[in-house]
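Q: Below, each chain spelled out in residue letters.
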Amino acid sequence: MITKFPTGLKRFISSHRLVIIIAGVVVIVGGYAIWSKLSWDGYESAYKNWHEQTKGQLRTALAIPSDQHDKKVQALLNIANNIREQQDTACETNGLIGWQRFVGALQEREKSCQKARDDLVSLGASLNAFTAYMADDQALAAILKRATTKSDLPESEWEAQVLVWKSIVDKIAGLKVASEFTPVKTKALGVTKQIYDSWQAVMAAHAAKDKTKYLQSQARLVQSYGAGSSIADASSEQVKELLEAVTAAQNSLNN
Amino acid sequence: MSVRRLAGYIIVGLMLVGVGSTSLIVSASEKQEIASLASLQTLPKTVAEIKAPNLQEPEWLKQQNAAEAAARRVPQGGSGIRVVTYSVTTRGVITANLAEFKSQANATLNDQRGWARMGIAFREVASGGNFTLVLSEASQLPSFSSGCGVEYSCRAGRYVIINQDRWLGATPSWNQAGGSLRDYRHMVVNHETGHWLGHDHAECGGAGQPAPVMQQQSISLQGCIFNPWPIASELWSTQLGIRL
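Line order of the protein sequences matches chains L and V. Just so you know, the numbering used here puts 174 at position 174 of the first sequence, and the rest follows in order with no gaps. Just so you know, the numbering used here puts 490 at position 235 of the second sequence, and the rest follows in order with no gaps.
Extracted from the complex, chain L is given alone in its bound form:
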């Protein structure tokens, strides 16, 4: 069934056809222009919000007291994870407006977004490295904690110490760590092996009742324990480098 326009309307359309076509084109082009403007504004506010939110999250995480170790590390890790989740899709433009980037101002917006994204990715990478390091730090500390003992040891407990140190050396050797933690692991392995060797020398001299070797090995045992602080020194060096990377990333973020 064909709809019939009233005669008056038909006449109006035929006499104003050109005006109606032009008006239609103006409405479509204008609508597209407005929609494009809104899309680009949304694009800009999205990356700025992401940027500001991350800075806020970092401030919040840093404000967590250090005695809440796990909570603080988790907060830093969450920031790194959030960045990783968004980094691939950030700064993508809708195909319907992406072609407009030949306009200088829009191109600048896209560059600003990419700069913000790169800064956030650097921050995420530095936080990721730091939190991975902290996990290794805790794992190694947990192993070494088994070495704490009472200050005076009767000979009946020496053998147990040898076994403890053997197990510590084995556990450290089998520890899978991040590359940043490798120097600390290597140092810890060297020091604990030295302590284990010293204990073995003490036990050998003790079994042989060789006073000279016993006193010598006892002194070496003391010296080998003294080298323990070099593990903490190695760790402090690594942490310093990791935190310099976080500071550099944060500086870029603020500039």
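Just so you know, the hints here were simulated from the structure itself, not pulled from any lab data. Do not rely on the hints blindly, as some may be mistaken.
Computed list of lysine to any residue pairs in SDA-like fashion (alpha-carbon distance at most 20 Å, straight line) [what the hints assert, rightly or not]:
id, chain 1, residue 1, chain 2, residue 2
1, V, Lys306, L, Val164
2, V, Lys306, L, Asp197
3, V, Lys306, L, Met203
4, L, Lys211, V, Lys300
5, V, Lys357, L, Ala234
6, L, Lys48, L, Ala116
7, L, Lys185, V, Lys300
8, V, Lys306, L, Pro154
9, L, Lys150, V, Ile289
10, V, Lys286, L, Met203
11, L, Lys209, V, Asn309
12, V, Lys286, L, Gln53
13, L, Lys209, V, Pro313
14, L, Lys187, V, Arg368
15, L, Lys71, V, Ile289
16, L, Lys150, V, Gly383
17, V, Lys300, L, Gln68
18, V, Lys300, L, Thr186
19, L, Lys240, V, Asn309
20, V, Lys357, L, Thr149
21, L, Lys145, V, Ala354
22, V, Lys306, L, Ala234
23, V, Lys306, L, Ser167
24, V, Lys286, L, Glu241
25, V, Lys286, L, Ala61
26, V, Lys286, L, His69
27, L, Lys185, L, Gly174
28, L, Lys213, V, Arg372
29, V, Lys300, L, Ala141
30, L, Lys209, V, Leu316
31, V, Lys357, V, Asn309
32, L, Lys150, V, Thr340
33, L, Lys176, V, Lys286
34, L, Lys240, V, Asn430
35, V, Lys317, L, His69
Once you've looked at the hints, dock chain V against the given chain L.
A: Below, chain V alone, put in the same frame as chain L:
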């Protein structure tokens, strides 16, 4: 230029300075917060708790010692390795990390670049010992002896006293020369322990040479280069009867 306009410029200038300094403060505090993340490490605390146990004298050794009355008092082996004991104490208000102080001082004393080369093992004991290592608030140094000043570390009798200010910040000349804090700590512990071992101050042996550890390197290098460890000619001790 009218007075009103001049006042306007001054106000705007002050506002800009205010905004600038606020942002600097914020940036510095954020840097400090990031630096404070280092305290999340568990290792330094754990390592500081691991100390060499005191091995109770085994029965067979007691019997041997009873038979060798002369050897009973000095725990010295035929190899010449001798155990020197020391206790650690503090005086005044201490803000430095005491566990780190104990741990680093022990590491320095037993380092094979240091006095340990003379065949000595230094063992920390809970009290007494052959000497007392003190971490002291700077203002408390003169309370040990009139010869001790607030500026530097000191040795008075059995007390080997480390000035907390120097421990935390070395000296301007050391820092200006690019010396690390850890090396300064090695140097100051070795230097003051050297006094206890029987050493007086030494002079630079010649321009460009490593300074003797007993030289007052915090005050003047006399052309020598910084050196935190005793040089070969310093490996003797009247206190322990060790000769060159």
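Q: Honestly, which of those hints from before does the structure not fit?
A: Hints 4, 9, 10, 19, 33 and 35 are the ones this structure does not satisfy, whereas the remaining hints hold.
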